[in-house]
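**Q** Chain by chain, the residues:
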Amino acid sequence: MTPPLMMIKENMAIQQERDLIFCRNRVKEVAGKIGMGLVNQTKLITATSELARNMLIYGGGGIMRLEIITRGKLEGIQLTFEDKGPGIADVDKAMQDGFTTGRTLGMGLPGAKRLVNEFSIQSTPGKGTTVKILKWKNG
Amino acid sequence: MERIPILKMGKFLLVTIQVDLYDRLALNLEEDLIQMVFKTGAKGVLIDISALSIVDSFMGKIIGNIAGMSSIMDAETVVVGMQPAVAITLIELGLPLSGVHTALNVEKGMALLESRMITGQEDDTTADDD
Amino acid sequence: MERDIIDLLRSKKDQVLTLWLQAQDSDTEASSNFNTHDELQAQSSEFVDLLFGSITEHNIQDFTSWELEALTDYVSSLTISRARQGFSPRETATYIFTLKDALLKVLSEQIESDPVKLYHASIQISKFIDNIGILSFETFITGREDIISQQSDEMAELSTPVIRVWNGILAMPIIGTLDSARTQVVMENLLQGIVDTGSSIAILDISGVPAVDSLVAQHLIKTVNATRLMGAECIISGIRPEIAQTVVHLGIDLSQMITKATLESALKYAFNTLQLEVRRVQKEKVNG
Numbered sequence: 089m090t091p092p093l094m095m096i097k098e099n100m101a102i103q104q105e106r107d108l109i110f111c112r113n114r115v116k117e118v119a120g121k122i123g124m125g126l127v128n129q130t131k132l133i134t135a136t137s138e139l140a141r142n143m144l145i146y147g148g149g150g151i152m153r154l155e156i157i158t159r160g161k162l163e164g165i166q167l168t169f170e171d172k173g174p175g176i177a178d179v180d181k182a183m184q185d186g187f188t189t190g191r192t193l194g195m196g197l198p199g200a201k202r203l204v205n206e207f208s209i210q211s212t213p214g215k216g217t218t219v220k221i222l223k224w225k226n227g
Numbered sequence: 029m030e031r032i033p034i035l036k037m038g039k040f041l042l043v044t045i046q047v048d049l050y051d052r053l054a055l056n057l058e059e060d061l062i063q064m065v066f067k068t069g070a071k072g073v074l075i076d077i078s079a080l081s082i083v084d085s086f087m088g089k090i091i092g093n094i095a096g097m098s099s100i101m102d103a104e105t106v107v108v109g110m111q112p113a114v115a116i117t118l119i120e121l122g123l124p125l126s127g128v129h130t131a132l133n134v135e136k137g138m139a140l141l142e143s144r145m146i147t148g149q150e151d152d153t154t155a156d157d158d
Numbered sequence: 066m067e068r069d070i071i072d073l074l075r076s077k078k079d080q081v082l083t084l085w086l087q088a089q090d091s092d093t094e095a096s097s098n099f100n101t102h103d104e105l106q107a108q109s110s111e112f113v114d115l116l117f118g119s120i121t122e123h124n125i126q127d128f129t130s131w132e133l134e135a136l137t138d139y140v141s142s143l144t145i146s147r148a149r150q151g152f153s154p155r156e157t158a159t160y161i162f163t164l165k166d167a168l169l170k171v172l173s174e175q176i177e178s179d180p181v182k183l184y185h186a187s188i189q190i191s192k193f194i195d196n197i198g199i200l201s202f203e204t205f206i207t208g209r210e211d212i213i214s215q216q217s218d219e220m221a222e223l224s225t226p227v228i229r230v231w232n233g234i235l236a237m238p239i240i241g242t243l244d245s246a247r248t249q250v251v252m253e254n255l256l257q258g259i260v261d262t263g264s265s266i267a268i269l270d271i272s273g274v275p276a277v278d279s280l281v282a283q284h285l286i287k288t289v290n291a292t293r294l295m296g297a298e299c300i301i302s303g304i305r306p307e308i309a310q311t312v313v314h315l316g317i318d319l320s321q322m323i324t325k326a327t328l329e330s331a332l333k334y335a336f337n338t339l340q341l342e343v344r345r346v347q348k349e350k351v352n353g
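Residue numbers (the working numbering), protein chains in the order written: chain A, 89 to 227; chain B, 29 to 158; chain C, 66 to 353.
Because the hints were derived from the structure by calculation, they are not lab data. Careful: at least some of the hints might be erroneous.
Unchecked claim - Straight line, CA to CA, 20 Å or less: simulated PhoX-like cross-link-like pairs of lysine-lysine: (1) 116(A) - 225(A); (2) 172(A) - 220(A); (3) 201(A) - 78(C); (4) 181(A) - 161(A); (5) 116(A) - 181(A); (6) 201(A) - 89(B).
Unchecked claim - Among the chain B residues that face chain C by a calculated CB cut under 10 Å, a handful are: (7) 110; (8) 111; (9) 118; (10) 130; (11) 133.
Remember, predicted model here, so these are calculated numbers, not experimental data. Note that CB positions come from ideal geometry on N, CA and C, so glycine has one too.
For reference, chain A alone in the conformation it holds in the complex (with noise of 0.2 Å):
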């Protein structure tokens, strides 16, 4: 009944802007290999690049790492964005529509989350941010 498991975890840097293309065509190959629909497929891919930028943007860019998870029947895709970047100082605040102290639109962070099924933030000012987003195949 259930397919076989596969067992991707892998590490990609993002240290330039040509690394965003590379790790959003990575995350789109795998998404199409456990099945996940296209549109899902593109909600993910548009957040990934999103958190990616914003990595590169504001935290002197970092590590994304892929991963397929399991939970009961669910299978899905949980990526990790880490950078040793400044930090946020108030995350709730990068957390809201329009919210930006940098050149972008401050659609990413809030967006991001609206494109996945779970999305949890971690941020120590002068340490570095870990984002974490996790797409289900069906939703």
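Add chains B and C to chain A, keeping to what the hints say.
**A** What follows is chains B and C alone, placed relative to chain A:
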């Protein structure tokens, strides 16, 4: 440096984006397009994004910028051929791209620009706006 | 100690089976409709064989052991086949639990003399059979859940047809509540329909939607906006008086959308936009 080609078709400019853009390329496109609008005195800009599998907030911002800048130079911008998945994602992301005209394909986009040139400035309150 | 019990029970296998079958005969009159006596006997005998074939002093304490896989597989398939034959989960559970009665009875006859040993052995046997009962119940529930999720998928597909009413005009009647999962399906189908047919107007008819609250309104606005991004126009039709009332009372702003009371007026609007005209044709004289 890589550039996206811009075609001049009569009074309009046509840009067909074939590859997923990285940010620098998108910024170049914005710059080039505005220069072209100025040089050619084009009355409309068609941006064909039917090959794009993703439009994120950065790309959305570029499209908005192009529309805004062309508009004050008296040229209208029409985005054509957006994929359904991309449209749904943009709405969920919170970017309805208001102020940008849209059409199903290049042909319909062209027709839209032509009809808007005929109706002129006074008829600027169609359903497409806001 | 455990080895004693299991070997002991194994040596009395035939007695266990006989007792079990007797208990079934007295207990499950209703189910005798479904199974012939022989079938039931064969099934029970296979069950007992498998049970004694795989149980050991170790895995009696550890139901997840791989050694029990053959037994657990058998229990699952037994549950499924019984469910198909119309047995209720209670009947199947009773069937399994009467095996416990048989086992315990044999056990108590064999080790009457040692109450402490009997007590411990009974607890172990009980736990083991309880686990089989739980497994059977779980299998039953999982089967149900599969059916439910399959049906809800089918329902979502069925309930959102896209109809091409005219060249360039699509209509999509929505029946039932519009939640976020449903909205996603509606949007996907509608937008794909627009691409496939090259239509520039889509009519979303909500006369079959029981109520419009702020959440449903939000879903409608999203759909309209997504349609606009594609370069088409979306009209919402089928606004019943009650819906208009609640929308205004709740302070929901639908002013950015084109709304019409009926599908007919939406269609008229669409014809108008496409510069089409519907006219009655004056019939020529038939008898010339």
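**Q** Compare the structure with each hint and give your call.
**A** Evaluation of the provided hints:
no.: 1; hint: 116(A) - 225(A); in the structure: holds, 12 Å
no.: 2; hint: 172(A) - 220(A); in the structure: holds, 15 Å
no.: 3; hint: 201(A) - 78(C); in the structure: violated, 61 Å
no.: 4; hint: 181(A) - 161(A); in the structure: violated, 35 Å
no.: 5; hint: 116(A) - 181(A); in the structure: violated, 30 Å
no.: 6; hint: 201(A) - 89(B); in the structure: holds, 19 Å
no.: 7; hint: 110; in the structure: holds, 5 Å
no.: 8; hint: 111; in the structure: holds, 8 Å
no.: 9; hint: 118; in the structure: holds, 6 Å
no.: 10; hint: 130; in the structure: holds, 4 Å
no.: 11; hint: 133; in the structure: holds, 7 Å
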